[in-house]
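Asks: Chain by chain, the residues:
There are 2 protein chains.
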Amino acid sequence: MTSAPKPDAMSASDARFAAQRLAFGPLVFHAALALRDLGILEAVMNRGDTGASATDIAGELRLSAYAVTVLLESGLGAGLVTLEQGRYRLTKVGYFVLHDEMTRVNLNFVRDICYHGAAALITSLKEQRPAGLEQLGDWGTIYEGIGALAEPARSSWFDFDHYYSSSAFPDALPLVLGTPARRLLDVGGNTGKWAVLCAEHDRAVEVTLIDAAPQIEQALARAANAGVSGRVRGTVIDLLDHSQEFPRGFDIVWMSQLLSCFAKPDIVSILKRSARALAPGGRIFVLETFWDRQKYAGASYNLQQTSLYFASMANGKSRIYDFDSVSACVAEAGLSIQDVHDGLGVSHTLLRCCVG
Amino acid sequence: MTSAPKPDAMSASDARFAAQRLAFGPLVFHAALALRDLGILEAVMNRGDTGASATDIAGELRLSAYAVTVLLESGLGAGLVTLEQGRYRLTKVGYFVLHDEMTRVNLNFVRDICYHGAAALITSLKEQRPAGLEQLGDWGTIYEGIGALAEPARSSWFDFDHYYSSSAFPDALPLVLGTPARRLLDVGGNTGKWAVLCAEHDRAVEVTLIDAAPQIEQALARAANAGVSGRVRGTVIDLLDHSQEFPRGFDIVWMSQLLSCFAKPDIVSILKRSARALAPGGRIFVLETFWDRQKYAGASYNLQQTSLYFASMANGKSRIYDFDSVSACVAEAGLSIQDVHDGLGVSHTLLRCCVG
Chain A
24 MTSAPKPDAM SASDARFAAQ RLAFGPLVFH AALALRDLGI LEAVMNRGDT GASATDIAGE
84 LRLSAYAVTV LLESGLGAGL VTLEQGRYRL TKVGYFVLHD EMTRVNLNFV RDICYHGAAA
144 LITSLKEQRP AGLEQLGDWG TIYEGIGALA EPARSSWFDF DHYYSSSAFP DALPLVLGTP
204 ARRLLDVGGN TGKWAVLCAE HDRAVEVTLI DAAPQIEQAL ARAANAGVSG RVRGTVIDLL
264 DHSQEFPRGF DIVWMSQLLS CFAKPDIVSI LKRSARALAP GGRIFVLETF WDRQKYAGAS
324 YNLQQTSLYF ASMANGKSRI YDFDSVSACV AEAGLSIQDV HDGLGVSHTL LRCCVG
Chain B
24 MTSAPKPDAM SASDARFAAQ RLAFGPLVFH AALALRDLGI LEAVMNRGDT GASATDIAGE
84 LRLSAYAVTV LLESGLGAGL VTLEQGRYRL TKVGYFVLHD EMTRVNLNFV RDICYHGAAA
144 LITSLKEQRP AGLEQLGDWG TIYEGIGALA EPARSSWFDF DHYYSSSAFP DALPLVLGTP
204 ARRLLDVGGN TGKWAVLCAE HDRAVEVTLI DAAPQIEQAL ARAANAGVSG RVRGTVIDLL
264 DHSQEFPRGF DIVWMSQLLS CFAKPDIVSI LKRSARALAP GGRIFVLETF WDRQKYAGAS
324 YNLQQTSLYF ASMANGKSRI YDFDSVSACV AEAGLSIQDV HDGLGVSHTL LRCCVG
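Chains A and B, in that order, give the protein sequences. Its first residue numbered 24, the first sequence is counted upward by one per residue in my numbering. Its first residue numbered 24, the second sequence is counted upward by one per residue in my numbering.
For reference, chain A alone in the conformation it holds in the complex (with noise of 0.2 Å):
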């Protein structure tokens, strides 16, 4: 599905440049957010067809020559810029990093959250743990530390989260309750979003939200707040002490990026549970990200690094999973995939399963 580039059509000097990008990625990473942020590619972009100058735009921004000279020399090398008889106007690339809602939530998650952890990559994997993680704070996981995260790091995690989260909620509710339900558990509830959403959409539906006690407790306000507490309610579950058991009787049960935070012995665990969890008839539904079922190589590729920020800053134990690797669970499981949606939100897709 995914138009992955073929990089061994590669001539030897385009790869040999391809491996130099690699290695001043991290440099050109902060001449980008130096290039954004100091308001530099607005100014190019300003400029329109007629381009600037460096000094044009230092004096402008009231910046040295020298600072702007260095950024947008390397901006060009990057490709954010193009330059033609001393003028410098913007390339499509800088419009993404100057306009994108994607490139902007990725440049300053990764800068606020991944960057200096990130060195700690190899320890992480060889331990089995995020030990880039003391970079921001004394936690285990950052599950428990994000109610403590400073600004800016607290925004760019609830901004990645929520541009890869919720994008697909308005795409996914009509699939998921264009039968009718009554019952709904909400695996991994969360923000209680998907909770209230489903509950304004049908006031027929009831959802009981299963997660550690402060996701239930911000989910119950938001639940409040909507006016939709009677039929929004939370169980306080560890979902990875195996043991214990979700409620049971639902006609759905719901699990939307949840199996990408957790490693397959405990994907399992929580798919057979959530098949105990069911109602005759009932089924499973599972918004998640694939890396190899995208339309787009970009979107691949970002699934496929976001697993560096998984293994080094937020568990050491999980990725964002290709499909097989997730129906090989479902399988293990004792359930089977039903219907497959692709392309909801921004990169997601739908699976619907059932017992058996």
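Worth flagging that the hints you see were computed from the coordinates, not collected in a lab.
One copy or two, either will do: identical chains are not told apart, so a pair holds if it fits within one copy or between any two.
Within a straight-line C-alpha distance of at most 20 Å, the following computed SDA-like cross-link-like pairs (lysine to any residue) qualify: (1) 287 / 79; (2) 149 / 85; (3) 287 / 76.
Based on these hints, arrange chain B on the given structure of chain A.
Replies: Below, chain B without anything else, positioned relative to chain A:
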């Protein structure tokens, strides 16, 4: 001269992908290092056209399947490996990460010298000081601290310096000493490599180095080891102090990879003092890297990004210049460029300048 890419021929989806490559650059950087340093790229290469699954590689290297999968999937997105029917194979880019000396030198230099300090790029540019340097030590410029750098930073810095500085010496030697010369002044003589090469190349040549005291000491020790100390001497000078004149009466003034370490006003002063150091008929040779005199776009890119090191880590004031910037300094110093030789060593240009 440089065959720059034409970014605006890009499709919007390719441009958006390129922006994500910038955003995840720091994570992919560490994944590439981990793939190299944990032996994964080598293990994949050894399987040749047959390829290997992540499980195969994990078993062979006694790493977890999780670690190998996360890294290979990241490497897949980054173009280091391909994946077909569950088997990974090395790409040309992967080969360069594994075996190319330039790539090795750049990766290690960015990891050990630049990585954490690069996060202070904006501060560095605003305050015109290398604000990232405090990640390595309490020095005003990196030149004060090089002798005290701990491993592996020390080796990574010297490997980088050596790779980019000394590689052009064999090509430059016949151009500089092709016409008879007796007295040569080596401005910023640094480790003394060039001085010793000259003294060995022509027994009639006497070299005087000017530099800071530790460099002079090191250079004289090298000359003694090579048995040429009778014809290599040193004078301690602070090149940044424009009032400190150079010794005089030289047939040749030589400076290699020196101007990129100075801001433009200092460059003009160094060139003026060099002009006054010449005997009648003498010439000045400047060996430098210019990002706009490169045959390959990858070489321009490396040089443009190296300016970010100068800005955030080295001195906060200098960069890898374009040709016109240095030409303007040469003219301002009352000199004219007689000859330009491109393509020396890795990416050097040799300028021959005369007074007037």
